[in-house]
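Protein chains: 2
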Amino acid sequence: MSDADFPETEFAERTTRAQRAMHAAGLDALFFTTEAEVRYFSGFRTLFWQSPTRPWFLVLPASGKPIAVIPQIGARLMAATWLDDIRPFSAPHPVDDGIGLLANVLKDFGTIGMPMGRESCLRMPLDDFRSLQKRLAGSQFVNASDLVQTLRMVKSDAELEKLRRICAIGSAAFARAPDLFRKGQTLREAFRAFRIELLTQGADDVPYLVGGAGKGGYGDVISPPTDRPLEEGDVLMLDTGAVRDGYFCDFDRNFAVGQATDDVRRAHETLVAAVHAAAAIARPGRTCVDLYRAMAETIGQKDGDVGRLGHGLGMQLTEAPSLTGFDGTVLREHMVLTLEPGIDLGNGKLMVHEENIVIRDGPPEFLSCPAEPDIPVLLN
Amino acid sequence: MSDADFPETEFAERTTRAQRAMHAAGLDALFFTTEAEVRYFSGFRTLFWQSPTRPWFLVLPASGKPIAVIPQIGARLMAATWLDDIRPFSAPHPVDDGIGLLANVLKDFGTIGMPMGRESCLRMPLDDFRSLQKRLAGSQFVNASDLVQTLRMVKSDAELEKLRRICAIGSAAFARAPDLFRKGQTLREAFRAFRIELLTQGADDVPYLVGGAGKGGYGDVISPPTDRPLEEGDVLMLDTGAVRDGYFCDFDRNFAVGQATDDVRRAHETLVAAVHAAAAIARPGRTCVDLYRAMAETIGQKDGDVGRLGHGLGMQLTEAPSLTGFDGTVLREHMVLTLEPGIDLGNGKLMVHEENIVIRDGPPEFLSCPAEPDIPVLLN
Numbered sequence: 006m007s008d009a010d011f012p013e014t015e016f017a018e019r020t021t022r023a024q025r026a027m028h029a030a031g032l033d034a035l036f037f038t039t040e041a042e043v044r045y046f047s048g049f050r051t052l053f054w055q056s057p058t059r060p061w062f063l064v065l066p067a068s069g070k071p072i073a074v075i076p077q078i079g080a081r082l083m084a085a086t087w088l089d090d091i092r093p094f095s096a097p098h099p100v101d102d103g104i105g106l107l108a109n110v111l112k113d114f115g116t117i118g119m120p121m122g123r124e125s126c127l128r129m130p131l132d133d134f135r136s137l138q139k140r141l142a143g144s145q146f147v148n149a150s151d152l153v154q155t156l157r158m159v160k161s162d163a164e165l166e167k168l169r170r171i172c173a174i175g176s177a178a179f180a181r182a183p184d185l186f187r188k189g190q191t192l193r194e195a196f197r198a199f200r201i202e203l204l205t206q207g208a209d210d211v212p213y214l215v216g217g218a219g220k221g222g223y224g225d226v227i228s229p230p231t232d233r234p235l236e237e238g239d240v241l242m243l244d245t246g247a248v249r250d251g252y253f254c255d256f257d258r259n260f261a262v263g264q265a266t267d268d269v270r271r272a273h274e275t276l277v278a279a280v281h282a283a284a285a286i287a288r289p290g291r292t293c294v295d296l297y298r299a300m301a302e303t304i305g306q307k308d309g310d311v312g313r314l315g316h317g318l319g320m321q322l323t324e325a326p327s328l329t330g331f332d333g334t335v336l337r338e339h340m341v342l343t344l345e346p347g348i349d350l351g352n353g354k355l356m357v358h359e360e361n362i363v364i365r366d367g368p369p370e371f372l373s374c375p376a377e378p379d380i381p382v383l384l385n
Numbered sequence: 006m007s008d009a010d011f012p013e014t015e016f017a018e019r020t021t022r023a024q025r026a027m028h029a030a031g032l033d034a035l036f037f038t039t040e041a042e043v044r045y046f047s048g049f050r051t052l053f054w055q056s057p058t059r060p061w062f063l064v065l066p067a068s069g070k071p072i073a074v075i076p077q078i079g080a081r082l083m084a085a086t087w088l089d090d091i092r093p094f095s096a097p098h099p100v101d102d103g104i105g106l107l108a109n110v111l112k113d114f115g116t117i118g119m120p121m122g123r124e125s126c127l128r129m130p131l132d133d134f135r136s137l138q139k140r141l142a143g144s145q146f147v148n149a150s151d152l153v154q155t156l157r158m159v160k161s162d163a164e165l166e167k168l169r170r171i172c173a174i175g176s177a178a179f180a181r182a183p184d185l186f187r188k189g190q191t192l193r194e195a196f197r198a199f200r201i202e203l204l205t206q207g208a209d210d211v212p213y214l215v216g217g218a219g220k221g222g223y224g225d226v227i228s229p230p231t232d233r234p235l236e237e238g239d240v241l242m243l244d245t246g247a248v249r250d251g252y253f254c255d256f257d258r259n260f261a262v263g264q265a266t267d268d269v270r271r272a273h274e275t276l277v278a279a280v281h282a283a284a285a286i287a288r289p290g291r292t293c294v295d296l297y298r299a300m301a302e303t304i305g306q307k308d309g310d311v312g313r314l315g316h317g318l319g320m321q322l323t324e325a326p327s328l329t330g331f332d333g334t335v336l337r338e339h340m341v342l343t344l345e346p347g348i349d350l351g352n353g354k355l356m357v358h359e360e361n362i363v364i365r366d367g368p369p370e371f372l373s374c375p376a377e378p379d380i381p382v383l384l385n
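Residue numbers (this note's numbering), protein chains in the order written: chain A, 6 to 385; chain B, 6 to 385.
Check each hint, because a few of them may be wrong.
[Unchecked claim] Just the calculated beta-carbon pair ranges, DEER-fashion:
| no. | chain 1 | residue 1 | chain 2 | residue 2 | range |
| --- | --- | --- | --- | --- | --- |
| 1 | A | THR155 | B | ARG135 | 18 to 26 Å |
| 2 | A | SER161 | B | ALA180 | 38 to 46 Å |
| 3 | B | ALA84 | A | ILE286 | 32 to 40 Å |
| 4 | A | PRO183 | B | GLY290 | 56 to 64 Å |
| 5 | A | LYS139 | B | LYS307 | 28 to 36 Å |
| 6 | A | LYS139 | B | PRO99 | 29 to 37 Å |
Calculated from the structure, these hints are not laboratory results. Even glycine gets a Cβ: it sits at the ideal position worked out from N, Cα and C.
Put together the whole structure using the sequences plus the hints.
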């Protein structure tokens with residue numbers, strides 16, 4: 006596996022941890038259809054998941070290596086992973102996109118866990134899943150979302166190296182903001198310049214780039230860029246999920262175009278203070294609720310307000326856990342989190358700010374180069 | 006809807022066509038959870054789908070506009086679309102990620118169509134879907150994949166404009182290959198240079214870029230790039246799905262590094278000939294099987310060999326129909342297709358080639374600037 010993202014020991018360790026948890030939960034197998042889970046246990050990484058045509062299946066038995074049931078087109082790439090048992094099927098197929106083959110693998114297992122809960126989806130046709138269930142009348146499919154999320158939340162040293170690298174790339178790209186963004190530039194042009202900078206700094210891909218710009222704040226934090234030019238007094242925010250070797254950064258930065266109002270300066274200071282209030286208590290043993298409350302108190306957000314103030318980060322832009330008032334997940338060493346407070350400035354304007362940290366036995370490690378309290382002013 | 010990708014008439018027309026088909030199929034509503042379908046009927050476009058945390062729901066009743074049941078964080082962006090009825094829920098939520106609200110919208114419909122067949126997935130937790138079904142004991146969920154795919158296959162004039170633009174961007178980027186790729190460059194560097202070129206030429210994003218390089222052909226067409234340097238005698242292939250305004254191109258180009266063997270030259274000529282054999286008969290009334298056979302005969306592929314030789318293209322990198330020996334879909338004007346023959350060169354080497362066309366009343370229109378039979382040789 007010459008170009009693998011990790012040595013085999015990484016996948017063996019993930020598998021052992023999973024099998025220990027499966028034993029405790031009484032599961033005979035885990036069944037996966039989604040990119041992150043298939044990659045987590047096999048190392049199989051390809052952008053080919055962009056095509057919805059073909060389903061991909063991975064079965065993790067209670068002992069031994071995972072078994073891949075996958076389209077022929079991926080067999081060669083999967084053979085380069087640590088897996089030994091790869092069962093390819095011709096796809097697309099006139100009548101059976103791998104269900105017969107998959108049923109044959111799963112038929113020996115009584116209780117089969119699969120992600121069915123929060124944040125999960127079923128990446129195969131529902132009709133095919135129903136047909137699989139009919140063929141496996143003696144088996145039971147149960148929700149294993151918690152088990153899988155609990156495993157993936159805690160990163161290995163090798164994963165942390167990947168995350169350090171992509172976050173450093175993000176920080177380096179944001180540091181070049183004064184050269185990239187200028188008055189009169191459309192938001193679309195600003196986004197394009199930033200994407201190119203991320204790639205130049207070493208990102209493989211930029212699957213996520215959203216943001217906004219507006220006088221004294223922006224109205225929306227999930228929109229694609231418009232052709233509106235940047236104007237004096239705008240607050241510009243870019244939030245990026247760039248990727249290297251299949252691991253994401255996820256943080257944003259705010260910039261004042263030409264000048265910042267006192268309200269904007271204060272909001273930025275408060276957001277940075279909220280991040281540090283959470284970071285100050287982020288230790289093994291504290292909970293997601295604790296971090297949420299530390300940020301919510303700093304920004305003056307009431308419990309029950311919309312949204313969350315951060316989340317897990319790794320192979321996906323967002324992962325479990327969620328920093329909300331109801332997620333009691335206990336922090337553990339090597340969890341990677343985003344701290345993402347937001348402030349409603351009234352009049353439909355808001356500002357958000359985000360950093361990426363690792364929970365350590367002591368103060369957390371910042372993966373993103375943390376923003377200063379003073380909002381940077383772009384003078385171009 | 007100042008920054009909308011299309012005027013409201015586009016969405017009204019899509020909705021009317023869908024409702025006509027629903028009437029014929031006896032469906033009281035359509036229910037969607039996936040990005041392409043939600044965007045197709047609403048115009049809601051955001052990269053926020055990268056986050057698996059929140060589900061998004063769209064219901065298309067038998068008459069009237071679609072109804073959006075979506076997380077609060079998207080309410081403002083959705084309000085900028087042509088929709089009137091937007092029902093936001095707080096997400097992530099401790100106990101109900103929108104299922105109660107959704108059940109309330111769907112309860113009035115007896116027969117609810119949703120994509121459950123080939124190429125579909127369920128982008129919501131399976132547990133939540135089961136809970137929805139329990140609440141809607143009087144309703145029946147049926148497979149509407151064919152109905153939705155049939156609608157989306159035929160593009161509007163406005164969609165064709167988007168597709169022309171992104172395919173022209175792809176062609177312009179490939180035209181700069183002699184300046185981008187050179188001996189000694191790693192494949193990872195070549196990919197990065199090509200991504201940056203696509204963005205510079207006007208792409209918004211490059212969600213898909215795969216390829217390979219090897220002496221006399223490559224072994225795999227879905228891999229991420231390695232750090233192996235390009236060498237004299239390599240065949241380099243890049244296959245890109247770049248995006249502008251939410252529409253994809255999907256084609257590739259082959260290059261010989263320094264020199265090409267006779268086998269490689271002949272393979273390239275054959276692949277180009279196969280594309281033109283299919284294009285020569287691509288007319289309304291012919292079928293996907295006809296195009297498949299025209300290519301398969303030219304390249305000497307036997308029926309039953311692995312894979313397909315092209316597919317639909319539009320809001321997704323790959324869409325229905327499939328150019329296979331079993332997809333009898335009849336071609337209609339304004340279908341957009343990729344023609345994608347491949348040749349097995351033996352010794353684990355293969356070559357592929359791909360163009361993008363529109364079915365017209367007469368010869369098809371090439372969206373990609375078609376490759377010449379002679380494989381281009383890079384002399385840097």
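Original post:
Checking against the hints above, which ones are violated?
Top reply: none
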